[in-house]
Every structure is written in structure tokens, then in C-alpha cells.
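Residue numbers (our numbering), protein chains in the order written: chain A, 30 to 200; chain B, 115 to 767.
If you're looking for bench data, these hints aren't it; they were derived computationally from the structure.
Short, incomplete list of chain A residues facing chain B, as computed with Cβ under 7 angstroms:
#1 Ser-86
#2 Ser-88
#3 Phe-96
Heads up, the beta-carbon is just placed ideally off N, CA and C, and yes, glycines get one too.
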Amino acid sequence: MAAKQDFKRSFQRVNEIIEAHGRNPVELISILQEVQEEYRYLPEEILNYIATAMRISPSKVFGVATFYENFSLEPKGKYVVKVCDGTACHVRKSTALLNALKKKLELKEGQETTQDLMFTLETVSCFGACGLAPVMVINDEVYGKVTPEKAEKIIDEIIKEEGGRGNDQDH
Amino acid sequence: MKTLKINGREVTFSNEKNLLEVIRKAGIELPTFCYHSELSIYGACRMCLVEEKKKGLIAACAIPPREGMEIKTHTLKLQKQRKMTLELLLAEHERDCTACDKNGNCRLQELARNLGIEKVRFEKKDKKLPVDNSSCAILRDPNKCILCGDCVRMCEEVQGIGVIGFAYRGSNTVVTPAFNKRIREVDCVDCGQCAAVCPTGAIVVKSNIDKVWEAIYDDEKVVVAQLAPAVRVAFGEAFGLKAGTSTENLIIAALKTMGVDKVFDTCFAADLTVMEESKEFTQRFGKGERLPQFTSCCPAWVRFVELNYPSLIDNLSSCRSPQQMFGSFVKNYYARQLGLSREKVFVVSIMPCTAKKAEAAREEFITSGDPDVNAVITTQELIKMVKEAGIVFEDLKEEPFDMPFGFATGSGFIFGATGGVAEAVTRNLAEEVQKFKDVRGLDGIKEARLRKDNREIKVTVVHGLKNARDLLEKIKAGEVDYDLVEVMACPGGCVGGAGQPLPNNLIKRSQRARGLYDNDNRMQLVRARENPMVKLLYEKWLSTPCSEQSHRYLHTSYRPKRRIEGSDIRFSSEKGQMDIKVCIGTSCYLNGSYDIFKAVDKKIKENNLEDRVNLEATFCLENCNGSPCVEVNGKIVDKASKEKICRMIDELA
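In isolation and in its complexed conformation, chain A is listed as follows (with noise of 0.2 angstroms):
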């Protein structure tokens, strides 16, 4: 049950960065930002906490919350692993290694997020390192020339250094 304690680290935080912010509605975004560092996504009564906190209506906390990209609205994994599928990146064949890391995560059609919220599996549309392609970023370290064999072994150093799929220490 990672997620649910992570709450109990962040709710202080939630109200921190409120606070930080003078509550001031003009500064939603930074504060989602902020508050979807702190929980890796944006949890619904946390997205209701700050529209009760900030006394502004939820669905305009929910508009903005699902307006851009960046926001997540469900519970992300502690690494991010993004590849990239630009121009550049798909002729040098990121779609197998995508397909490789969707096989290695286990992830089922449409799922981003694997069950113990350890990894989420996205596509981007280009990193600007075309020259490296194909590109994969886990968290803030950029892979280039990613082969698949190259991008599961990645993923199993992630695995061994966590100890173990299933076994979420972190948390």
C-alpha cells in the first residue's frame, strides 16, 4: 500500500506549499506543480483540499488540473520512463523498444503504471537529442542509442538497486 503512505508524508507539504503560495489562485499552477512533486500525481480529495483551501470552485481546480499535459491525475511510478517517438527517434525503431519495455513492465493494453506504482511507461514527441536516437529519459537520466536488450537490462539495475519487483522499500 505505497501510495496511501505516501499521503502521510505529503499532506503537511500540501498545505506548506499553499501557504508559500499566499493562497493566491493566481498561482494554481505552481502550486499542482509543486503539490504533483510531492505525490508523483494529483489525488482527487487532494485536488478538492486545495480548491476547499484556496475557496475557488473544484471543477476550476479539475479544469486546470486537466488541461495540461504535464498534470497527472492518476498515481504515477517512482521512475518515470519515457521514450521518445519523434521523427528521429521512431525510424530508428522506438516503437520495438517501446514494445520491449511494455513486455518487461508486464504492462497490459492501455496501462501506463505498473501495479506496484514503481514504473510508468510514456511516449514523447522528441527531447531535442534526436543525434542520440532513440531516446529513452527514466526519471532526469537521458538513455541514447537504446537498443531493447540495452533498455531491460536498464530496467533490471533499477530492479536489483529497489530489491526486487513487488518489494517496494521506498515507500
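For chain A, the structure is supplied; the task is to place chain B on it using the hints.
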């Protein structure tokens, strides 16, 4: 006077807020979807595009008029442009016109006809979004939405609530309540004004017509109808009469033709309400208790207070609205007079209002499964029923109301316009026959004073819930001081209710209100206490205003309501011995519940009680009078403090 040219002709203008108003004043109708003179300018539908000599294509709604402009409103280029825009809107729209509630009344349909759209070149969307039928008042079908945003701005700017908003982006954009919840799960007050401004069938008034037909054709049932004041001055609009024309006798004839057994007047019930409400006011004013007294006739306003201002709930008059008083005396008194059980009598209300549908469904007004008011239909629905029944309006012969509940004083009529309830109550309180014209009209806030027993009674009237919110904030801050406050949720009062025929704009509302005041002027008796039929009801059944009997049947109570359905924020998943839920809803939050939360959380951590105490933050325990509240093992602790809750934890440990 400044001038500009429209289609080559010189036109003068002064302080019109945009070009569109100048053009319309010049007698040229430009099509619009997203423009309403009472709402902010959005400029999204692009239907009002015009050509300006220097600037090229501009949206007339979004540009102020300037000296020397040369405008063309209709050119080949513009006509093509408008047609194209409309075609694109139609491409997004579910074109299921024959089976749509708005058929024949739809702005999209009308403009497609006027602009000569013969073919839509784009295919229909295959994605179907779910229809939201959770509300008693409105039905939302997002597949018919053209994203003009009229409903969003109405709800936020005029009503000050913001139940619905835009969400997502680009082709996925929708208008929805927060978190895709259904209307019934959020803080909608059922005023229906969103439906009144929706140009398509995306938000419509929920129909109860079938229920009424069923009752009419049921031989076992006696169908008793009540007719609200605002309906009679708007009904005729659908049959070519001017707004404000009184048509009650034609409506009665139509209802009788359909098979309704008795038709009574809600204005009678309004007189009864005035008797109760003015007595209640006298008692409260005498003791200086729970002032200002808020009127409680408008169910959208009542729900607004329950959701947003729990600390002011006690200020609401305990009187039921005229609709519910009517339902109560018909079911509990009149049915017995007829020798029938209450279930055999079917009460149908004909109202200008969508919130009345929700009011009739409130649990307080249901006795062992049988509601006091069985069905509520709006003016719009009545018009449909008349057409459905094949009644030729022009051939109707006027008929009078049935007795004993068919007679009202002038006070009863004016209930349908903003200021009416306050004026009726004040008239009843005054010693002399007196009318209070200061509270009439469409100004957002109005005031009147009455001297009684050497004291001054300060009365104020607001309409539109945004105005009400502003007033309540001032009352809470102690900036203003009133004794009696009338609030109607809809702009203009009930004459502007969402169930009224479309268009439902400022001009129509003031014409309808005038019709009601004309009725009042025709009456000899203008004070509720002069109504002989009301007196009779007191003699035979209720004894006196605010007696035990009338409290039982004509009064009610209110309670705080949660604004949004949703899960609580949990902080542990283990099952401990002690469950603590700290309320962080608005009311408790403002009273410092977050500090309690922090203290409890700290306490748990310091004493390593994580396994024994479950801590949750919840959004509303519906006990706002006691805020801040904390629920401990299922029991609510009122006016909780961190010390108190920490002590309770100590007792456990």
C-alpha cells in the same frame, strides 16, 4: 454623439459596450451562441464576425465601437465564414433533432435554418459520452454541447457557484462538474439557469410530464394542480401573447380539458406563507433572535445556504415554501375533506422553476413514501402537455380557479417577482395599507424600511446567488445590518426561473413582473391577513399562525450538506482501535481544523501510535454548526480542540 458606418449607413452610438450592441440597435440581427448581455464576453463562437475596413474580420462582441469605423455585417466572405463555422459546430454536435427536448426551440437548429445550411460535410463523432440524469432539475447530454460556455459563465458569474467548468483540452474539451462527477454529487443548487442559457439540448430541464399523464389517466387518483404566480404571466408567450399577459383562466381551462380534477392557486399558499413568515418574524424581531431572518421560499437559495453557509442556517425562516405548504394542506387536510387517503390524491405543481422539482423530493416533505407534492412540471412542460393533448389554445374558454384554495390577495401574486416576498411580508406587518415599491425592479440589491412600534425594520432584497453571496459575506463581516432578507436565486425572481419559456432574458423578465404587479393593482385586498379563505383555513384546521399545528404542517428544518461527494484522505491502512476523522471542509477549515489535524498527527507519531490510531481527513461531516468537528470512533465531537482530541488519544494509550 459619435458615429460609425454600418453597411454604408451612418449610425450613432454612445456608451454601448461592444460593436454587437450597436449593430443590433441598428436593426441588424447578428447570430451569436456565446454572447449574453448579462454575462462576460467570451468571443469563442465566432458567429458575430463582421468586416471592418481597416481591421478585416473581427468578432463584434469583443470589440468596442469606435468613431469612424466602417463595418460590413453581411458580405459573401462573411456569409461563407459563418456557414463554415456553423458547419464545424454541427460536426461536433449529436444531430438527433427529432428526438431532442429542444426541437423547435434550439438556437443551433434555428441558425442552421437561417443561414441556409443544407448539408454538413463532416461525419458525426462516433464517441458517445454518458448522459447525466442524476439531478432532479436538469438533464445533461454532453454529446450535444458546442462548448459556448454560457452555462459555465452563468453558474460562476451570476450564481457565484461554478458547479461546472471546462476540462481537458482541444478536441477532448468538455463541460463537466469537477472530477467528472455527476450533478447530484456536487454543489449544484438546481436553479437550472444553465439550461435557460444553453443554446442547444446539452442541458435541458428534466421532464416529469409522463408522471402527470399517468396520474391523470389513473381513475383511482384525484389530481390536484397548483399554479404558481410566475407561470401565468409567461405561459402565453408560447402562443403569441406578449410576456406579462395573465393567462391563468386559460391555463385552468387547459388543465381541466386534460383531465385534472381540481386547479388551485399557489398564490393562496403564498398568502398562507406570509401569515406564518410575518408571525415568525414578529417573534424573532421581538426577541432579537436569529436576525436577519432569511426568506425560505426559494429552494435553490435554501440549498445554497445549506451547502455554503452552514453557520447561517438558523437565519432561514422555518416556513416551508408556498409549494410545500400547498402540498401539505392538500395531503393532510383537503384529502380528508374529500374522504380520501393522502395517497389517492396526486398533487402536481406547475412552476416556473427547476429547483422546485428537487424541493418536492426532499425527505422532509415525504410521509411514508408519499411526497406532499407528487410531481412538479415547469411552464415549458405545461406548454408541451397542452400541445401533446391537442388543445387548441385559441379555442379555450376561460375558467375560474376551484375553491377553497383558489383565492389570493395582491400579496400572493407578487411572490413571483424579486422583492415580492419581502413586500408581502412587510405589507402584512404594517399597520396601514402600504406598498413598498423600493424593493421592486431588477437592481441587484434593494432596500426598504418600515417603522413599527417605534422601531425600524430594515428589509433588503437580492436576486442572483452571486449577489446573495456578496451580501452574506457582508453580513458575516458585520458590515451591514438588516432584519429581513429576501433572496431569490434566479435573476428577476421566479419570473426568470429556468422553467420559463425561452428566451428568458431581461426584457421578458421585467414584462412578466409587470404582469404580476398589474394583477396586484387590480385586487381590492392586498394584505395576506385579509384573505378570507386563509382565515377559514386557520379557523378550521391550523388555529393561529405559528401554532403547534401550523408548525407541524407548515414549517420545516434544514441541515448542513456536503458540497462534493468523494473519498477521504487516509493516513494509515492498518485497522487500529481508534478511528479519528478530522473534518477539513470549508467551515471547519476556516475554524482551524487543520491545526487540530497537525497536532493529532504529531501526537500519533511521537507516541508511536500509528498501528493503533487511524487518522483520516474528511471533507464534511454535515455538522458545520459544531465546527471544527472531529469524528472519533463514529461519534462527532463538536467544537473540537487539539487538547481535547489529544486527551482522548491519551485515554486510549
